[in-house]
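Undergrad: Sequence:
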Amino acid sequence: MNKITYKNIHNRFKLNGYHINLEQMYYVAYSFIKEGEPFEQHVGNFLLDWFDDKSFIELQTSGSTGNPKVFKIEKQAMLDSALATGDFFGLKPGDTMLHCLPTNYVAGKMMFVRSFILGLDMEFVKPTSNPLKNNEKVYDFSAMVPLQAKNSLDQLKAGKIKKLIIGGVKVHKALEDELVKLPMEIFETYGMTETITHIAAKKIGEKNFTVLPNVTVSVNEEQCLVINAKNISNDLIVTNDLVNLVSDTQFSWKGRIDNVINSGGVKILPEAIEEKLSTLIPRRYFIYGQKDEILGKKIVLFVEGEPLDIQDSVFNVLDKFEKPKEIKFLPKFKETMTGKILRRLSIAQLTNN
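According to the working numbering, the sequence shown holds residues 1 to 353 in order.
Treat the hints with caution; some may be incorrect.
[To be verified] Calculated cross-link-like contacts (lysine-lysine; reagent style DSS-like; alpha-carbon spacing at most 30 Å):
1) K126 to K14
2) K276 to K320
3) K137 to K203
4) K163 to K7
5) K323 to K340
6) K254 to K325
7) K69 to K332
8) K325 to K173
9) K254 to K202
10) K332 to K291
11) K254 to K173
Everything labelled a hint here was simulated from the structure, so no lab data went into it.
Sequences are here, hints too, so could you generate the full structure?
TA: See the structure below:
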């Protein structure tokens with residue numbers, strides 16, 4: 001059997017209803033670049049890069065935890081990632097797929113790679129906050145960010161997608177409680193640009209992530225996740241994610257080590273507080289540590305939008321050291337294209353104003 005290479009296009013692959021071969025893919029790429037909207041132009045440039053003679057693609061991180069970085073990823077690694085996704089989620093040639101993710105970053109690009117490597121029948125649409133609105137079709141598979149899933153609840157209840165993966169941002173408890181009721185398979189994924197999108201997933205409602213094929217995990221001395229994915233990287237990928245390690249193939253996520261707040265000598269995870277408050281505050285919010293003369297860092301709750309009255313009783317679900325010392329309101333959070341809140345940039349608005 002001939003080895004699959006990055007220039008392979010499966011004979012079952014369709015783009016918006018049309019079978020596309022390699023020669024036609026170049027035409028599609030140039031059409032996207034010359035005549036397409038910005039989201040299509042990103043894809044056109046990516047396709048030309050993908051099918052050139054270089055063995056790698058340059059990708060940029062989202063910048064949600066620091067300055068955006070550009071680095072090289074081998075195309076073969078992206079191909080292997082697509083095959084692993086197909087195996088894990090049981091995708092078959094001819095399955096229909098809705099592509100509604102932003103194409104600037106790796107998740108949107110990988111949806112294209114999956115489709116032409118696995119032979120999927122893909123409908124590629126403009127990424128919006130409600131991608132199923134006015135869409136009567138039914139799809140076997142799709143990927144969304146949490147905001148898209150939240151805004152599509154009615155259509156998902158109607159069975160518009162049979163299998164959905166959600167990533168880019170953690171799925172909070174309030175949305176998870178809604179999704180777990182739906183009559184379909186829904187998975188939350190774990191990954192980052194450095195891992196070529198997801199390397200693990202868990203069914204909505206479950207606690208532990210399970211890694212994809214050819215991946216194992218461990219933790220370092222700080223209890224941060226370390227990923228061993230030889231098909232993606234020859235080196236171990238050391239993350240800033242604090243986890244509870246269940247086995248070398250399963251873990252649960254706790255938060256990011258760079259978000260930890262040392263308040264009065266007690267180390268506090270903002271994500272743990274946010275999870276406890278997830279059904280109690282009717283707006284987007286996040287917890288952050290700000291300088292305090294006595295505590296070193298004090299816990300501050302930042303809420304998006306105009307000031308509103310938040311009763312003290314809301315914080316009864318928190319431990320003594322977790323309760324915010326102050327509540328601040330920001331008109332609009334800064335965020336990535338996938339909806340991930342940029343905490344430092346959001347807070348910077350207060351000093352800039």
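Undergrad: For every hint, state whether the structure bears it out.
TA: Cross-check of the supplied hints:
1. K126 to K14: holds, 17 Å
2. K276 to K320: holds, 13 Å
3. K137 to K203: holds, 24 Å
4. K163 to K7: holds, 27 Å
5. K323 to K340: holds, 24 Å
6. K254 to K325: holds, 22 Å
7. K69 to K332: holds, 25 Å
8. K325 to K173: It holds: about 24 Å lies between the C-alpha atoms, which stays within 30 Å.
9. K254 to K202: The hint holds at about 15 Å.
10. K332 to K291: At roughly 23 Å apart (the allowed maximum being 30 Å), K291 and K332 satisfy the hint.
11. K254 to K173: Roughly 14 Å separates the two Cα atoms, so the pair holds.
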